[in-house]
Structure formats: C-alpha cells, structure tokens
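Go ahead and model the full structure; you've got the sequences and the hints to work with.
2 protein chains.
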Amino acid sequence: MALKAQVLYDFVAEPGNNELTVREGEMLTVLNQNVGGGWAEAQNSRGQTGLVPEDYLKVGHDCSSQGGSGYISNTTEQWDSCGKTNTQQATVEDGDGEWDDWDDQSVSSYRSNSQGDEDSGAAGRSAHGSSMKIPRNKFPFSKGPNPEVFLLAKPPANSRDRLPVYMGEVGPVWLYPTSPLDCVIADPRKESKLYGLKSFIEYQIIPTTTNRPVNHRYKHFDWLYERLLEKFGSALPIPSLPDKQVTGRFEEDFIRMRMERLQAWMSRMCRHPVVSQSDVFQLFLTYKDEKEWKAGKRTAEKDETVGPIIFSLIEPDAAELDATQVEQRCEQYSQFTKLMDDGVRELLNVGHTHWKRCTGPLPKEYERIGRAFGNLSTVFNSSKYPGEETLTNALTTAGKTYEEIAQLIRQQPHNDLCFLLELNSDYKSLLGCFPEIISVHKAALEKVKEADRLVSTGKINNSDRKTMNYRISCMSYSLQAEMNHFHSNRIYDYNRVMQLFLEQQMVFYQQIADKLRAALSQFTTL
Amino acid sequence: MALKAQVLYDFVAEPGNNELTVREGEMLTVLNQNVGGGWAEAQNSRGQTGLVPEDYLKVGHDCSSQGGSGYISNTTEQWDSCGKTNTQQATVEDGDGEWDDWDDQSVSSYRSNSQGDEDSGAAGRSAHGSSMKIPRNKFPFSKGPNPEVFLLAKPPANSRDRLPVYMGEVGPVWLYPTSPLDCVIADPRKESKLYGLKSFIEYQIIPTTTNRPVNHRYKHFDWLYERLLEKFGSALPIPSLPDKQVTGRFEEDFIRMRMERLQAWMSRMCRHPVVSQSDVFQLFLTYKDEKEWKAGKRTAEKDETVGPIIFSLIEPDAAELDATQVEQRCEQYSQFTKLMDDGVRELLNVGHTHWKRCTGPLPKEYERIGRAFGNLSTVFNSSKYPGEETLTNALTTAGKTYEEIAQLIRQQPHNDLCFLLELNSDYKSLLGCFPEIISVHKAALEKVKEADRLVSTGKINNSDRKTMNYRISCMSYSLQAEMNHFHSNRIYDYNRVMQLFLEQQMVFYQQIADKLRAALSQFTTL
Numbered sequence: 130m131a132l133k134a135q136v137l138y139d140f141v142a143e144p145g146n147n148e149l150t151v152r153e154g155e156m157l158t159v160l161n162q163n164v165g166g167g168w169a170e171a172q173n174s175r176g177q178t179g180l181v182p183e184d185y186l187k188v189g190h191d192c193s194s195q196g197g198s199g200y201i202s203n204t205t206e207q208w209d210s211c212g213k214t215n216t217q218q219a220t221v222e223d224g225d226g227e228w229d230d231w232d233d234q235s236v237s238s239y240r241s242n243s244q245g246d247e248d249s250g251a252a253g254r255s256a257h258g259s260s261m262k263i264p265r266n267k268f269p270f271s272k273g274p275n276p277e278v279f280l281l282a283k284p285p286a287n288s289r290d291r292l293p294v295y296m297g298e299v300g301p302v303w304l305y306p307t308s309p310l311d312c313v314i315a316d317p318r319k320e321s322k323l324y325g326l327k328s329f330i331e332y333q334i335i336p337t338t339t340n341r342p343v344n345h346r347y348k349h350f351d352w353l354y355e356r357l358l359e360k361f362g363s364a365l366p367i368p369s370l371p372d373k374q375v376t377g378r379f380e381e382d383f384i385r386m387r388m389e390r391l392q393a394w395m396s397r398m399c400r401h402p403v404v405s406q407s408d409v410f411q412l413f414l415t416y417k418d419e420k421e422w423k424a425g426k427r428t429a430e431k432d433e434t435v436g437p438i439i440f441s442l443i444e445p446d447a448a449e450l451d452a453t454q455v456e457q458r459c460e461q462y463s464q465f466t467k468l469m470d471d472g473v474r475e476l477l478n479v480g481h482t483h484w485k486r487c488t489g490p491l492p493k494e495y496e497r498i499g500r501a502f503g504n505l506s507t508v509f510n511s512s513k514y515p516g517e518e519t520l521t522n523a524l525t526t527a528g529k530t531y532e533e534i535a536q537l538i539r540q541q542p543h544n545d546l547c548f549l550l551e552l553n554s555d556y557k558s559l560l561g562c563f564p565e566i567i568s569v570h571k572a573a574l575e576k577v578k579e580a581d582r583l584v585s586t587g588k589i590n591n592s593d594r595k596t597m598n599y600r601i602s603c604m605s606y607s608l609q610a611e612m613n614h615f616h617s618n619r620i621y622d623y624n625r626v627m628q629l630f631l632e633q634q635m636v637f638y639q640q641i642a643d644k645l646r647a648a649l650s651q652f653t654t655l
Numbered sequence: 130m131a132l133k134a135q136v137l138y139d140f141v142a143e144p145g146n147n148e149l150t151v152r153e154g155e156m157l158t159v160l161n162q163n164v165g166g167g168w169a170e171a172q173n174s175r176g177q178t179g180l181v182p183e184d185y186l187k188v189g190h191d192c193s194s195q196g197g198s199g200y201i202s203n204t205t206e207q208w209d210s211c212g213k214t215n216t217q218q219a220t221v222e223d224g225d226g227e228w229d230d231w232d233d234q235s236v237s238s239y240r241s242n243s244q245g246d247e248d249s250g251a252a253g254r255s256a257h258g259s260s261m262k263i264p265r266n267k268f269p270f271s272k273g274p275n276p277e278v279f280l281l282a283k284p285p286a287n288s289r290d291r292l293p294v295y296m297g298e299v300g301p302v303w304l305y306p307t308s309p310l311d312c313v314i315a316d317p318r319k320e321s322k323l324y325g326l327k328s329f330i331e332y333q334i335i336p337t338t339t340n341r342p343v344n345h346r347y348k349h350f351d352w353l354y355e356r357l358l359e360k361f362g363s364a365l366p367i368p369s370l371p372d373k374q375v376t377g378r379f380e381e382d383f384i385r386m387r388m389e390r391l392q393a394w395m396s397r398m399c400r401h402p403v404v405s406q407s408d409v410f411q412l413f414l415t416y417k418d419e420k421e422w423k424a425g426k427r428t429a430e431k432d433e434t435v436g437p438i439i440f441s442l443i444e445p446d447a448a449e450l451d452a453t454q455v456e457q458r459c460e461q462y463s464q465f466t467k468l469m470d471d472g473v474r475e476l477l478n479v480g481h482t483h484w485k486r487c488t489g490p491l492p493k494e495y496e497r498i499g500r501a502f503g504n505l506s507t508v509f510n511s512s513k514y515p516g517e518e519t520l521t522n523a524l525t526t527a528g529k530t531y532e533e534i535a536q537l538i539r540q541q542p543h544n545d546l547c548f549l550l551e552l553n554s555d556y557k558s559l560l561g562c563f564p565e566i567i568s569v570h571k572a573a574l575e576k577v578k579e580a581d582r583l584v585s586t587g588k589i590n591n592s593d594r595k596t597m598n599y600r601i602s603c604m605s606y607s608l609q610a611e612m613n614h615f616h617s618n619r620i621y622d623y624n625r626v627m628q629l630f631l632e633q634q635m636v637f638y639q640q641i642a643d644k645l646r647a648a649l650s651q652f653t654t655l
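Sequence order for the protein chains is A and B.
Per our numbering, residue 130 is the first one in the first sequence, and the count goes up by one each step.
Per our numbering, residue 130 is the first one in the second sequence, and the count goes up by one each step.
No lab work stands behind these hints: they were computed from the structure.
Be careful, since some hints might not be right.
The list treats identical chains as interchangeable, and a pair is accepted whether it falls inside one copy or across any two copies.
Derived BS3-like pairs: lysine-lysine, alpha-carbon spacing no greater than 27 Å straight-line [said to hold, decoys possible]:
(1) 467 with 571
(2) 588 with 571
(3) 529 with 557
(4) 529 with 485
(5) 493 with 557
(6) 467 with 513
(7) 467 with 529
(8) 493 with 467
See the structure below:
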C-alpha cells in the first residue's frame, strides 16, 4: 500500500545532496518515512526520487477512505495503528554527509523547544538540514511571545550567568577574558562503524587553554551551532557553519577545505567574549569524557535562558538610556549593517566573477598565446634558413613563458582572492544575522513606547514600566557592545586580509614581470 | 523614365561605405549611372539605396520594347542615343573615401589590361573598390596564357631591366642596392576642391635618397599597388594596402592610423630590392612635377613586362637547376608559407580575442573590484568607530589602485599587442600572395615536364626545350632569392616586434606590481 503525501511548502533540493525539489501542493509517494534526521524519501509524479524534509509533507494513505492525514512527525502512532510504520534504515545519506544515528532522543528534545508555531518546524529543519537555506522565521520569539515577556523577565539568580557591559574607550564593551581563547582543528580522520556501513570524519580540536584534544564530528559542530543560535541569536550574530556538502566528502580537498572553514568558524566563536565563555561552548571544547559530554548536552538542551530572555542577563556598568537614544543607536547600526551587507555582496559578486575568469578563460587565452609563439617558433625552425636559432630559441622561451604565466594566473586566486572571498563570506553570514537582532530590538522598542498606555490601561504597573525602560537600555548596551566587538574584529580582519591580498597580488605581478624580463633577455639586441 | 538593371553577381556591401547588398538576378532601379570610380547608385525593390559596382549590373530601360541592355561601362553611347546619360556628379563617396575624379581615361586603360575574361571584371573592381574582398581570380595569367608563353619569352633587349640573382651566404639572393631606400610619410593634410564638395587627404612622402617631398593621395598609393601587383605579383608577394574605410575618415585617429599603415607598407616596399628599384616605384617617390608624374603613369600603365613575363628578366649567376631540384624547392617553400600562414592566423585570432578582453570585460572587472573596495571604505567610514581612518584610507587607496590598473589594462594593448597584431597582419597579407606565386611556379613545372612529349609531337623544338629548362631554373632562382629576402626580413621583423612586445608587457606588469606595493604600504603592519 503506497503512502501518499501532499507537499506543504516549496523545497529546493541542494545539488549532490540526494534531495528532491518539490512544490507546494504537489502529491508525492513516500518511499521511506523513517530515513532519519527529519527526512523522508519520496517519489514525484515524474518518477524522480529523493529526500524531502518530513515537516514539509502532509502524509496520508492513498486508501483515502481512512481519511488519515497529518505531519509525519505528529502521526507516527496513527500510521503505527495501520501497521504501516516503516522502521528500516534507509541507505541514503543526510545533508551533513554522515549517518543520523545518534541521540534521536536529544535531537527531538531540542527541536521541540523551538516548535512554538507552524513555521518553526520549517525553520528547525532548515537550519538542521542545510545552512544554505534561510529559514523564513528563524526566531519564533520575534513573532511569538510578546516582548513584555523578556522586557519584564527577572534576572537570573545565579550571578555567574550575568553578562556585564563596561564603558571602554570606544564605548560599551563586553567583558573580555584576560587570556584569549583559541583552538586548533587538526587531524581529520575517517572513522566508520556498523562494519563500515556508516562512515564519517572525526576532527581533533585542541583549545589553547587546556591544550587537551577533544574529538568531534561535523554534526557535533552543527549541534553547537544550533545551541548558540538558540541561546544568543537574538543578541549576537552567530554565523552559519560552512556549507554541508556530499559530493566528494571523503576527498582530501573537501576535508581540508571543510576543516579550514570549521577552523575559521571556531576561531571567530573563540574570539567572542560572550560565546567563548558560555557553558555550552566550554563543554564542546573541554569535555573530559563521553559521560560529561552527554550530561552537558542534556543540560544545554534544557537551558531556558535562550532567545531574547538573554537580555535579562545584561548588566551594564553605565547610565540608563532613554528610548530615543536607544532608537538612534539601533537605526544607526541597522543602516551600517545593511550598507556593509551590500558592499560585501558586491565584492563577493565581482570576486566570484573574477575567480571564474582567472581559473577559466584568462589562463586558456595565455596558453593559446604561448602555444601560438611556440608554433611560430617550430615553423620558423623548419625554414632551413641559416642563423635562425637565436630567434626560434627566444620565441620558444617566450611561448613557454606565456604558458607559465597561464599557470600562475590559474593558481593565483588560491593565493589571494580565496582569502578575500572567504572573509567576505564570513561577514556576509555575520551580517545576515543582524536584521533579526535589529527586529527583536525594534519590537521591544515599540513595546516600551507603549508603556504609558499599558500603565494607564492597567496592563502593567509603574514598577513594570521601570523594569521595561531598564531592560531596553540593557538591550541597547548589549547591541552597542556587540557592534563595538564587530567593528574591532572587522577592522582587524579587513586590515589583515587586504594586506595579504595586496601582497600576494604584488608578488604575482612581480613574478610575471620577472618572467617576461628573462624571456626578453633571450632575444638578440637589435 | 526609370533605368532598370539586373544584378549579374552577388555583391555584399561593406558597412559604412554607402554600398548596397544585392543578389544575382535581382532587379534594381538605377538612380545615378555616373557616380564615378566604377560605381552606380541604385535602389532595390525594398526602397533601399546605395552604391553597386557598375560591372555587376546589366542595365536596360524599363521600356523593354527597346531591347537595349549591356554593361553600363560598355553601353554609354547607347544610353546617350536615348538621351538618358546622367552626367550629374553624385554626392556620395566611394570606397577609398575620396572622389574618383582623376584620369578616368588612364583608369579604364589599366583596367582593360586585366579584362581577359569575365571574372577579371569582378577582380578588377574588387581590388579597386575594397581591399577586403578577395578576388576570385587575381591573376588572369595563371588561368590564362599557356605557361609556354613566358617559358619561351625572349629576354628584354634593355639590360637595365634585367633582374640579377647572385649566390650569397644564404643561397640565391637579389641584388641589393648599396644604400638602402626608405621614406617618411608625414604631414597628412585635408584638401578639397570644387568649392569644398570634394575633399581628400594628401600625404607628404619624403624618400631618404632625394630628401625631396612628393605629395600623394590614398588613391595614388592604390594605383601604385595595382601596378606593382600586376608587374611583380607572379614572382614577389605584394601585400595589400591598409584597408579602405569611410567611417570617421577625417578624424585624427583614423588619419594617423592610415598614415602609420601606409608608412609600414611603403617601408616594406622600399626594403625590397626589386620593387624599390623599379621604374614605377621610383616614379612614385621622386617625380619632379605633375607633367613627369602623368607621363610616368602612362608609361607604367603601358608596361608589357608584367605577370609571369617578369621571369624572362631573371638572370641567375649560378648553375642551371633541373626540374626535380626546382620542384623540391617549390614544395619546401609551399609547405613553409602554408605553415607560417596557419601560425600567423592563430596568433592573430588569439591576439584579437585578447585585445577584446583587455579593452572590454577585463578592465571593467578591475574597475568593479576597485569600486567594491572604495564602497567598503565609504561604508566603514560611516561606522563612527574610533581609529577607523587608517583602514578606510588604505582601502580607498587600494580601490583607486585597482581603478588605475583597469586603465593600464585598457591602454596596454595599444602599447604592445597592437604592434604584434600589425606585424602579423602584414605577414598574413604577404603570405596570402604565395599560393598564387607557387601556382604559377607549379603550372610552369608541369609544362616543363611535358617538354619531351611536346618535342616529340613537334609542338616545340629542342631549342625551345632548352629555353624552357633554363627559364624554369630562373623562376626557381627568383623564388629562392625572394624566399631568402622574406626569411631575412621575417627574422628581423619578428625579433624586433617580440622584443618590443615583451618589453612593454614587462613594463606593464612591473607598473602594476609597483602600484600594488604602494597601495600595500598604506595599511598598518599587524
């Protein structure tokens, strides 16, 4: 008996990921309901098969008389009662290129945290399934609970959790740890279990603090990302993890590239004074054994100080700001991040165009020029005219020189453009987090502006209003501290990458000039 | 009464030349039969008007009862008798951008020389109207008179005309003049006549021998080219003149470019020991007054030692070669020139592609990169974060540097690629002459191989056979001397142009490296 499902939302397959592109309203045949990791295997009317997020499907039997329908995830028992639950493990691989074979318990528990509304299902899947897809509503909070909830929330009893903001030379700043944290990711190893059926890459991460390596798979990084996003995403930009990718995932280049990107992501997180000192981040870097890791994971997943509630932890060591001041700052940051986002995207666009040219048609053209010189040299050599050798030898050298220049051109983007693009991709990801942060901020501002009316209608009292004013001021200090952190990192990062880029470019052009000088010297002076 | 004409051959208009594309068999209305220069102005059935070569038209009245038809050029009297000759001067301009208003008498006289068959009309027009169109049969001789005619021709009585070939270090060589000839073309002036209705450019040509300037218009160069081609084209490669062009012909760039190309063409002709010492070439460079010029022109146009008859002038100072030796040499040169033609074309192809890239998308991409850096600098500058200036200033410099590099890239082909392409175009034109030279050679060889049969059938006598053997040996010495001249010039030319190209390329890349070094120095060291 074939299981039929209706598609609830459009879904675009990621190439090479064994996924199936589907349109809202389309009917599919479910081939495997229990692939794992939130995926179902399905076939469309054109006979194409692939994975679709199970939350995107509304499943029913095609024996429509039973009238059974609903989300796969919500209706397991119903299908159970039909004797139809398909529990066999599919042989397809999920988006992160590993088997989804761990802690299904804990996965569902952390996912259920964010299922505040229908959208969050999609959001949860999206963040989980692929970092490329922008969830429609990453934060159920911003649409969900009234800002009053976190504007009036009590600060936590445990002062250890508080997030102080100090006035530094540049304005409000986070409390930076005395010794900066960093880590080295190394030694990626292909591991397998279940007699080699399931294989994955395990990375060794060595924090500079303990110098003791811990092992993690990509999916653990993904879990960490989910935790950080959930806990800090309303206040701090948590950039996406490097893209998931299936094609050639055990090839050395891919592993090296992923490791480098995980390294860049981890270093950025380590540099963040709030993130790096959080329990979940410390757990990830310093757990002593499997037991501690599992216990820590459960604790992290049960953490209730997540989303905008985080603002109740902010403790500014500065005068309270009024709503107008807060709004001005917010507007300024909103504009800056928007403009920088445009700038970064433009640089990425032209950079990618340039990358394609430098690794494609341009070196081919130089090769053709080189070969044309070489061919002429061969032809000239066949003339049997005496005294031809000096010219033909020099022409051959010139030809080889242009073929070498072609190789330099082809290689060069890996020496310079690569780093410029990587950094700007990182910043694009960071900047992509700000609209959400700003919107949480603005929603709270609106609520604070309503405070007088709320008091007069008896919905809150004067003490509540004071708390709200204090809290919005805290939010603003949090945003200012974060922007100052962002600016200081930005200046450091762009200064570094521009120097690297220009230096490598200079070396590149100098190399070409030197090669040409050598080729020129082969010709006889006239 | 409208004049109707039927199109005899397809004709493709050259863009910007006020010409009309017509198809064989198409009916046209002749608007102006007497435009001059072998052109008629006509209108097609779609109402489009333009110039068509008059030799391509068969003209009749549309009062078909008269039955009058024929080539415009042949039937002037017929139309006269109808009282229909249109003698008004059209206001359109002909292909070489000047009025065809001189010596119609002499033009038709030299044209009639080459009207051996129907094809030659098209060929004559083609070479005259535009050097872009390859005539179907440039040399009526190779299809025309039996090779016996020139194989058996008597040497001229006047020993002054003879063309000696000596044995030099590299083999057979022409007699080179003791002091080499060259000339300088300068001071192009726009002249006009008929109250400004007709305008043209006059160039001053100063030969290094007399140091006395003579004035010539482009059409005079064209006349010289026709004479040299007719006289020497069976034995020596006579490269085409620079392309005719109407668009912007009085703009400075065009005038400069045409002058440079005429200069290159003249210098090449001056360097040729046979061409440079010919009467017609000397006349062109050294005529004293209008009278001497006109008389010399008439003499040149009446010259009967043209085409393969030229071989009767060759006087080799070396042992007679047999047909096998001649054939081997001929085969070798044929192969070499074919291979070099392929090589030159490939270099021109990739060179033109590279030219387009360097003057189009590549600098645009560098400009975009520059602007992207500049934009980021502007955005960063708006952050109001303290200590931003060093980075933003350096980023602005980097941006400007890339915009400057874009300009360098756009300009560079004019400094190097330009000369490489010009030289290879010259050689393409030279090499394009060899197939005809080789084919005259081969036709003569076939005839010489037939000699035994011709003697036995009584068509020639033994003395004729001896003359033929001697003449084919002379032809081979001529070809060898010419190839040695070609090789020596080729080595000189390519040596010179490759050095210029590589040197300019080196300077270009060095400039970029230096600019990048300066931009890099603006960043603070980390």
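Hints, verified against the model:
| no. | hint | verdict |
| --- | --- | --- |
| 1 | 467 with 571 | within (15 Å within a copy, 76 Å between copies) |
| 2 | 588 with 571 | within (21 Å within a copy, 110 Å between copies) |
| 3 | 529 with 557 | between (41 Å within a copy, 24 Å between copies) |
| 4 | 529 with 485 | both (23 Å within a copy, 23 Å between copies) |
| 5 | 493 with 557 | between (32 Å within a copy, 24 Å between copies) |
| 6 | 467 with 513 | between (69 Å within a copy, 15 Å between copies) |
| 7 | 467 with 529 | between (48 Å within a copy, 24 Å between copies) |
| 8 | 493 with 467 | between (38 Å within a copy, 25 Å between copies) |
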